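Colleague: Here's the letter readout for the chains.
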Amino acid sequence: MLVVFAVVVAVHGRWLLSRSGWPDRSPRLGILAWQALTFSIFVSVVLAGVALAVPEVPISADLAALLSACTAAVRTQYATPGGAALSVTGGMLAVSVMARVGYCLVAGLVTSRRQRRRQLEALTLAPRGHEDRDALVVNHSAPAAYCLPGRRKQIVVTTAAVAALDDDQLAAVLAHERAHLHGRHDLVLVASDTLRRAFPRVRAFRDAHLATARLVEMLADDVAARRSDRLTIATALVRLAEASAPPAALGAGGSTSLARVRRLVAPAHPLGVTGSALTVLAAAALLATPVAVVAAPAAVASAADLCPISFPGQSPS
Amino acid sequence: MRQMGQLESVVMQRLWAYGRPVAVREVLEDLRKDRALAYTTVMTVMDNLRRKGFLTRELVGRAYQYVPVQSREEHNAAVMGEVLAGSSDRATTLMRFVEQMPLEEVAQLRQVLASRAPNRKGRRR
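Top to bottom, those sequences are chains A and B.
The first sequence begins at 1 in this note's numbering and counts up one residue at a time.
The second sequence begins at 1 in this note's numbering and counts up one residue at a time.
Hints listed in this document are in silico derivations from the structure and should not be mistaken for laboratory results.
Any given hint could turn out to be false.
[Unchecked claim] With a Cα cut of at most 25 Å, we get these calculated DMTMM-like pairs of lysine to aspartate or glutamate:
#1 B:K52 with B:E26
#2 B:K52 with B:E82
#3 A:K153 with A:D222
#4 A:K153 with B:E8
#5 B:K52 with B:E29
#6 A:K153 with A:D167
#7 A:K153 with B:E99
#8 A:K153 with A:D168
#9 A:K153 with B:E82
#10 B:K33 with B:D47
#11 B:K52 with A:E121
#12 A:K153 with A:E121
Values in this document were obtained by computation on a predicted structure and should not be read as measured data.
Modelling step: build the complete structure from the supplied sequences, incorporating the hints.
Modeller: Have a look at this one:
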């Protein structure tokens with residue numbers, strides 16, 4: 001039941017979302033859609049395990065006596081033909097999935113923190129081009145502009161990057177990086193990256209991370225476009241790309257930059273009210289379904305009036 | 001904290017400039033020409049740099065002599081090298097404005113831009 005749902009979402013949901021072009025139009029909604037998709041899969045699997053485990057969860061003798069009728073009712077609702085073996089497996093599944101994700105999350109956060117701190121330390125010592133309010137300008141012959149998110153937000157640009165851009169373009173780049181920092185885009189990337197590293201073979205998680213990274217860039221472009229204009233940002237992108245020589249031999253396909261420039265030279269075309277509403281509803285449905293499916297048998301049991309728990313909409317009696 | 005970072009930077013620049021191992025006393029005398037500093041302050045700063053791995057030291061006579069682990073060029077290259085290497089793992093550590101790409105893609109980018117804004121060139125400063 002839930003496992004089937006998870007598989008369907010993982011396979012068909014991913015396929016659908018990968019092919020659709022609408023996320024590029026409204027990156028924020030696109031990010032929401034991908035997050036809802038992956039989170040829904042994760043939650044479904046965990047809750048499936050939990051649901052299977054319910055019949056066998058050991059409860060203390062006193063509590064069991066107190067709720068004996070209720071416990072029995074709930075257990076029968078969740079019982080499956082598999083019996084105890086299936087329940088134990090289900091419980092282990094839920095626990096191991098959560099443990100795996102938890103581990104990847106913590107490990108990822110620790111590594112990122114350490115790398116950022118190291119970068120900042122080293123940057124402090126590197127010779128400065130000149131002072132700027134927001135950005136650290138570092139003396140270097142290769143152009144680079146990036147930000148270090150986290151607790152100590154910092155934008156970094158090299159002197160080569162500053163030389164390659166005019167004032168407007170540089171301002172646009174800084175606005176873009178600032179958008180990343182203030183919008184805490186790193187958090188959303190941590191979420192998608194954690195799932196991807198926890199279960200690398202699930203295609204939905206891989207695609208979600210790539211899509212989220214891409215959409216986050218487009219979102220920052222949109223925010224920067226409020227202060228600047230789309231064409232300036234696009235030009236800045238191209239100028240910096242040109243100035244980077246020699247280009248790396250590695251050619252990652254499906255370049256984000258190309259998509260961004262194409263998108264920026266065309267006028268903005270965000271999703272309308274209907275589209276946005278539909279997306280939010282779909283995301284909510286994706287997230288609510290596993291919870292509803294798991295809670296349903298408990299609701300049925302409580303409706304039998306044997307349980308001292310009530311669900312919203314039921315009159316306690 | 002910010003001042004500490006500033007001072008660490010100044011001390012590191014000097015160490016790179018000297019090009020030879022120096023003791024805390026010498027650095028102190030040098031810096032004292034421009035600012036008021038205590039021996040302990042400079043000692044702490046240099047020890048911090050040593051703990052962070054930027055300096056190494058050797059006992060010569062009764063005092064330690066400090067020397068940078070990497071030359072200034074090596075340090076700079078290392079700092080930027082990580083960023084420019086552009087591994088996808090870095091995406092969560094830092095976020096670049098534009099990623100590394102092959103020449104063909106740069107040409108494509110230029111084409112897309114030219115198609116929309118043919119007379120727009122970057123005004124060099």
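Colleague: Work down the list of hints and note, for each, if the structure agrees.
Modeller: Quick rundown of the hints versus the structure:
Between K52 (chain B) and E26 (chain B), the direct Cα distance comes to roughly 21 Å. Compliance with the 25 Å bound is thereby established for this hinted pair. Between the alpha carbons of K52 (chain B) and E82 (chain B) the distance comes to roughly 17 Å, so the proposed pair stays at or under 25 Å and holds. The hinted pair formed by K153 (chain A) and D222 (chain A) meets the criterion: a straight-line CA distance of about 20 Å does not exceed 25 Å. Distance restraint check for K153 (chain A) and E8 (chain B): the Cα-Cα separation of roughly 20 Å lies within the 25 Å cut-off, and the hinted pair is therefore satisfied.
Our distance criterion of 25 Å between C-alpha atoms is met by K52 (chain B) and E29 (chain B), whose separation comes to about 24 Å. Simply put, K153 (chain A) and D167 (chain A) have alpha-carbon atoms about 23 Å apart, close enough for the 25 Å limit, and the pair holds. In summary, the hint linking K153 (chain A) to E99 (chain B) is supported, as the alpha carbons are separated by about 20 Å, within the 25 Å threshold. Among the hinted pairs, K153 (chain A) with D168 (chain A) is consistent with the structure: their alpha-carbon atoms are about 23 Å apart, no more than 25 Å.
Taking the CA atoms of K153 (chain A) and E82 (chain B), the gap is near 18 Å; set against the 25 Å cutoff, the hint holds. With a CA separation close to 21 Å, the supplied pair K33 (chain B) and D47 (chain B) stays within the 25 Å bound. Between K52 (chain B) and E121 (chain A), the direct Cα distance comes to roughly 8 Å. Compliance with the 25 Å bound is thereby established for this hinted pair. Under the criterion of a C-alpha separation no larger than 25 Å, the hint pairing K153 (chain A) with E121 (chain A) is consistent with the structure, at around 13 Å.
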